[in-house]
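Visitor: Listed here are the chains, written in short residue letters.
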Amino acid sequence: MNPAASASASATATAAAGNASADGSVVDAPPDGAVLDTPPGAGPDADAVATPSRWRAAGMATLRWAAALAGALVIFGLFLFARGASPVDAYLAMLDSAFGDSRAIGDTLLRATPLLLAALAVAVPARAGMFNIGGEGQLVLGAVGAMAMSFALDGAIAGPPAFVLLALAGMVAGACWALIPAILKVVLRTNEAIVSLLLNYVAVIVLTWLVFEPWKDPKSTGQAYSKALPSDERLPILWANRVHVGIILAIVAAFVIWAAFRSTRWGFKLQVLGGNPEAARRAGLRVGALAVGAMAVGGALAGLGGMLEVSGVEGRLRPGIMVGFGYIGFLASWLAKHHPLKAIVSAFVLAAIAIGGNGLKIEAGVSGAAVNVLMALVLLAVLGFARPNTKATS
Amino acid sequence: MKPTRLALAAGMSVLALGAAACSSSSETSTGGTTGGSGDESDLTIGFLYVGPKDDYGYNQAAYEGSQAVQAAFPNAKILQAENVPETAEAETVMEDMIEQGADIIFPTSYGHLEFAQNVAKDHPDTIFVHQGGLEGEDKLDNLGTYFGTVYEPVYTAGVAAGEATESNKLGYVYAFPIPQTLANINAFALGAQSVNPDAEVIAVSTGSWCDPGLQAQAAKSLIDQGADVLTQHQDCTKTIIEAAEAAGAMSVGYHFDASDLAPNGWITGSEWNWGPLYTDIVQTVVDGKFVDSPYNGDFRVGLQTGDNPFVQSSYGSMVSAETQAKIDEIKQSFIDGGSPFAGPVLKQDGTIVWESGQQPTYEEVETMDFFVEGVTGKID
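Protein sequence lines correspond, in order, to chains L and W. Throughout the first sequence, residue numbering follows the working numbering, covering 23 to 416 in sequence. Throughout the second sequence, residue numbering follows the working numbering, covering 2 to 381 in sequence.
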């Protein structure tokens, strides 16, 4: 079996398992008010014990997910066909680009890194009932923060301590960017979804200004980019031709967030807040601080993603880095219903689709941007099919 | 729950917008053809474009060059990748092409150079020829750059524009004040002034090589200032030419012959004729003579030194036979060693750069950092 198919198969399996646990009293889907029904003390997945009826439900859900994905692939195949390309060749070319050899798999892992961190940046606030659409801007600010730290260090520190400082700077910058919509929400009651979304554009303008004006590489003739990070501030390559430590950090981050959701007071408080803010307030939770904190954690995760991208992949700031990564991460979180572990799978699948887009360009002659259509179809199909299930059980 | 839908709708629409902005209509590229004979039957050549290959501009010109290569090497397999950003993504695309067997890769955008160099170091058996860059300190046996002398036909296009204008105001939309762009704007102004001393060039920067929104604004502002001829140094040229045509102004094209976009206002333009140069590069590689050939370095060619791949476009009906003859004469003078920047050349503030009888070398022009007298605009 080809790797992509097995990846999406495992995606459906994991997602289906999530649906099954949602059958019980635990809701890890987007906060829909259903959390009110959660008995106090029942943490997420607390009663995820398999029973025969659960298995049947899981089987049904898997079927539904498989059908949804197949539907998306068929519709996209028709789209490709209408563009004059052979769908079979196009899918084979995509598979080859995303998984053809160790380099291709490495590129997919490399792309999954910022996508996963951007997805987690959505998942954490979502648990508290907030919508962070600002992952794109927080990624950019993370890259900017890391670069600023590199300028501040000026080569004085190298190696692992420098990586830690760069990462911290990126996380702080990403968190600060996410704090803007969070604080505005708490103080002025603005909508954090809109504010965080619009701040993405501001972030890109900040980046563009930096690389055109103060940070422009003096050695560049015309092309706008910052000076390169010193080679000892570049993350070492661990595997294939470019894979760095980032993917491991991102997966560890997903597990840490998952564990925190599951078994910390903080995770529980976020869930209560996400379920019913009024109830949370009456229960004596510090609602504003919790909400702001959730956004800050999300922003820090995305900021880490930005740092990893600049230190691990790009090596310098450029106007076009990470374009769209934040939005694809947003889709990844929704595909995973904001579940940190499932986000690993969804980020990986979306990364494979994005990298597969190169094969689509080169071999099938279809514009690589066409993969955005496929991503949207996958999301629509999965959400569309998943909805009756959540409705029925909530 | 409403915020859910709102958030989702917002996210989706942003993605959709992104997709719409990035995607472009693209024909199916022809892969390898079978049959026939020739040594190059297993030759694979990859082309990367920063934008869509139907942009009436830089990328389309390069794409047409790739089609000329296909015609010259019918058995070669040509790999095409459009919309390749100037980020590490370009490395992924080039690696992918090598995976498909690419022997030669043409990264055609200025910002692809660094990534081409990175990939070239890992793949010594693949030849990389980069369009427009300069090798720098890293001299590799499998990488070189090439470019034409863009300001020569821009000067003669300026001659045609100087004759055609009635308001004596020529609008110039550019991206960044890099030497190549400044040389173009100055050459255009000097060309126009050579036949029309009152001609003034108004230069407006968009800060982008292809941003149709900003291009439309820039075009409108120039027309509002009285310009009746618009030209540009942009990668995608369609928007400005269409805006000029719609406003009844005239157009001078760049990179590509877009005369069909401006049936009334097309004067002329300058455009890439990459086919012969691309084909010669590929032939050099096929012959095994790439190393130490001029292409394994920073290859620059202009009328003074050979066949400039940057040539004059077709003329519109308002360009008289006398003007065309004059342009041919000027072109011949460049072939004979002349320069658009033959002195006297004065800066905006009136200081003399090149005295009468002096002229810069190609290398000196590549460091140009000023506007000449008669150009309105500021370099900052």
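Just so you know, the hints here were simulated from the structure itself, not pulled from any lab data. Take the hints with a grain of salt, since some may be wrong.
Okay, derived cross-link-like pairs now, DSSO-like style, lysine-lysine, Cα gap no bigger than 30 angstroms in a straight line [what the hints assert, rightly or not]: (1) LYS241/L x LYS122/W; (2) LYS379/W x LYS249/L; (3) LYS170/W x LYS238/L; (4) LYS249/L x LYS170/W; (5) LYS140/W x LYS241/L; (6) LYS241/L x LYS348/W; (7) LYS379/W x LYS241/L; (8) LYS170/W x LYS379/W; (9) LYS238/L x LYS140/W; (10) LYS238/L x LYS122/W.
Calculated from the model, a selection of chain W residues having no Cβ within reach of chain L, i.e. all distances over 10 angstroms [to be verified]: (11) ASP43; (12) LEU80; (13) GLU92; (14) THR93; (15) MET98; (16) GLY112; (17) PHE177; (18) LYS221; (19) SER222; (20) ALA247; (21) PRO264; (22) ASN265; (23) ASP308; (24) SER357; (25) GLY358; (26) GLU365.
Partner residues are not named here, just some residues of chain W that face chain L (Cβ under 7 angstroms, in silico) [claimed, not checked]: (27) THR88; (28) ALA89; (29) VAL94; (30) GLU96; (31) TYR111; (32) GLY276; (33) PRO277; (34) ASP370.
Keep in mind it's a predicted model, so treat the numbers as computed, not measured. Idealized CB from N, CA, C, for every residue including glycine.
Visitor: For each hint, tell me whether it holds in the structure or not.
Guide: So, going through the hints one by one against the coordinates:
At roughly 21 angstroms between alpha-carbon atoms, LYS241/L and LYS122/W fall within 30 angstroms of each other, so this suggested pair holds. Restraint check: the Cα-Cα separation between LYS379/W and LYS249/L comes to about 26 angstroms, which is no more than 30 angstroms; the hinted pair holds. Pair hint LYS170/W plus LYS238/L does not hold up; C-alpha atoms about 33 angstroms apart against a cutoff of 30 angstroms. Note on LYS249/L and LYS170/W: the hinted pairing is violated, with a Cα-Cα distance of about 39 angstroms set against a maximum of 30 angstroms.
Pair hint LYS140/W plus LYS241/L holds up; C-alpha atoms about 17 angstroms apart against a cutoff of 30 angstroms. In summary, the hint linking LYS241/L to LYS348/W is supported, as the alpha carbons are separated by about 25 angstroms, within the 30 angstroms threshold. Of the pairs offered as hints, the one joining LYS379/W and LYS241/L holds, with about 22 angstroms between alpha carbons and a cut-off of 30 angstroms not exceeded. Between LYS170/W and LYS379/W the CA atoms are separated by roughly 17 angstroms; this keeps the pair inside 30 angstroms, and the hint holds.
Taking the CA atoms of LYS238/L and LYS140/W, the gap is near 24 angstroms; set against the 30 angstroms cutoff, the hint holds. For the proposed pair LYS238/L and LYS122/W, the alpha carbon gap of about 26 angstroms is at most 30 angstroms, so the pair holds. Every Cβ of chain L is farther than 10 angstroms from the Cβ of ASP43/W; the closest lies at roughly 17 angstroms, confirming the non-interface assignment. A beta-carbon of chain L comes within 10 angstroms of the beta-carbon of LEU80/W; the shortest separation is about 5 angstroms.
GLU92/W, annotated as away from the interface, has a beta carbon of chain L within 10 angstroms; the closest lies near 8 angstroms. At roughly 5 angstroms from the closest C-beta of chain L, the C-beta of THR93/W falls inside 10 angstroms, breaking its exclusion from the interface. Not every C-beta of chain L lies more than 10 angstroms from that of MET98/W, the closest at about 6 angstroms, which undercuts listing it as non-interface. Not every CB of chain L is more than 10 angstroms from the CB of GLY112/W (nearest about 5 angstroms), against its label as outside the interface.
At roughly 6 angstroms from the closest C-beta of chain L, the C-beta of PHE177/W falls inside 10 angstroms, breaking its exclusion from the interface. With a least CB separation of 22 angstroms from chain L, LYS221/W remains clear of the 10 angstroms interface cut-off, as annotated. The Cβ of SER222/W lies farther than 10 angstroms from every Cβ of chain L, with a closest approach of about 21 angstroms, so its non-interface assignment holds. The non-interface label for ALA247/W is consistent with chain L: the shortest C-beta to C-beta separation is roughly 27 angstroms, beyond 10 angstroms.
At roughly 29 angstroms from the closest C-beta of chain L, the C-beta of PRO264/W stays outside 10 angstroms, upholding its exclusion from the interface. Here ASN265/W stays apart from chain L, with its beta-carbon at least about 32 angstroms from theirs, past the 10 angstroms limit. Annotated as non-interface, ASP308/W keeps its C-beta farther than 10 angstroms from every C-beta of chain L; the closest such distance is 25 angstroms. Here SER357/W stays apart from chain L, with its beta-carbon at least about 30 angstroms from theirs, past the 10 angstroms limit.
Residue placement check: GLY358/W keeps its beta carbon more than 10 angstroms from all beta carbons of chain L (closest about 30 angstroms). At roughly 15 angstroms, the least C-beta separation between GLU365/W and chain L is larger than 10 angstroms, which holds for a residue marked as non-interface. Proximity of THR88/W to chain L holds as hinted, the smallest CB-CB distance being about 5 angstroms (cut-off 7 angstroms). With 7 angstroms as the threshold, the beta carbon of ALA89/W comes within range of chain L, its nearest partner Cβ sitting at about 5 angstroms, so the hint holds.
Evaluation of the VAL94/W hint against chain L yields a held restraint, the C-beta minimum of about 5 angstroms falling below 7 angstroms. Interface restraint check for GLU96/W: the shortest CB-CB distance to chain L comes to about 6 angstroms, inside 7 angstroms, so the restraint holds. About 6 angstroms separates the beta-carbon of TYR111/W from the nearest beta-carbon of chain L, less than 7 angstroms, and the hint is met. With its C-beta approaching chain L no nearer than about 20 angstroms, GLY276/W sits outside the 7 angstroms limit, and its interface hint is violated.
For PRO277/W, the suggested interface contact is broken, since its CB lies about 25 angstroms from the closest CB of chain L, more than 7 angstroms. Checking ASP370/W against chain L by beta carbon gives a least distance of about 11 angstroms; that is not within 7 angstroms, so the hint is violated.
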